[in-house]
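Undergrad: Sequence:
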Amino acid sequence: MEAVRHLTVPRKHPVGTCKMGLPDDPLAVVDPDFRFIGLDNLRIGDSSILPRIFSSDSSAVTVMIAEKCADRIMSQI
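The sequence shown begins at 1 in the numbering used here and counts up by one.
Just so you know, the hints here were simulated from the structure itself, not pulled from any lab data.
Do not rely on the hints blindly, as some may be mistaken.
[Unchecked claim] Quick list of in silico lysine to aspartate or glutamate cross-link-like pairs, EDC-like style, CA-CA up to 16 Å: (1) 68 / 46; (2) 68 / 24; (3) 19 / 2; (4) 19 / 33; (5) 68 / 25; (6) 19 / 46.
All figures in this text were calculated on a predicted structure; none of them were measured in a lab.
All chains should be built: construct the whole structure from the sequences, respecting the hints.
TA: What follows is the structure, encoded as C-alpha cells:
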C-alpha cells in the first residue's frame with residue numbers, strides 16, 4: 001500500500017482507462033455498443049471510455065455517454 005501512495009497522483013477527472021474499440025483490437029476493453037469485451041451483460045458508460053482528457057469539465061460529456069449507453073441497452077430489450 002505504501003508504494004501505491006507514492007506512485008499515484010489523484011486527479012479530478014480520470015479518463016481513458018477502458019479503451020473503446022473493435023473486438024479484434026487487443027487494447028480495447030469496450031466495444032462500440034458499450035459492451036465489456038469478453039464478459040456478457042456488462043456495459044461501461046462513463047468517462048473511462050474517452051480516449052484522452054480535455055481542458056473542460058468532463059461532467060456533461062460523461063452524462064451524454066451514459067445516456068447513449070442507456071439508449072443502446074433499451075434498444076436491445
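Undergrad: Each hint needs a verdict: does it hold in this structure or not?
TA: Tested hints:
A threshold of 16 Å between alpha carbons decides the hint, and for residue 68 with residue 46 the separation of about 10 Å falls inside it, so the pair holds. At roughly 23 Å between alpha-carbon atoms, residue 68 and residue 24 are farther apart than 16 Å, so this suggested pair is violated. A threshold of 16 Å between alpha carbons decides the hint, and for residue 19 with residue 2 the separation of about 28 Å lies outside it, so the pair is violated. Distance hint between residue 19 and residue 33 is fulfilled; the C-alpha atoms sit about 13 Å from each other, no more than 16 Å.
For the proposed pair residue 68 and residue 25, the alpha carbon gap of about 22 Å is over 16 Å, so the pair is violated. Restraint check: the Cα-Cα separation between residue 19 and residue 46 comes to about 11 Å, which is no more than 16 Å; the hinted pair holds.
Taken one by one, the earlier hints fail for this structure at numbers 2, 3 and 5, listed in ascending order.
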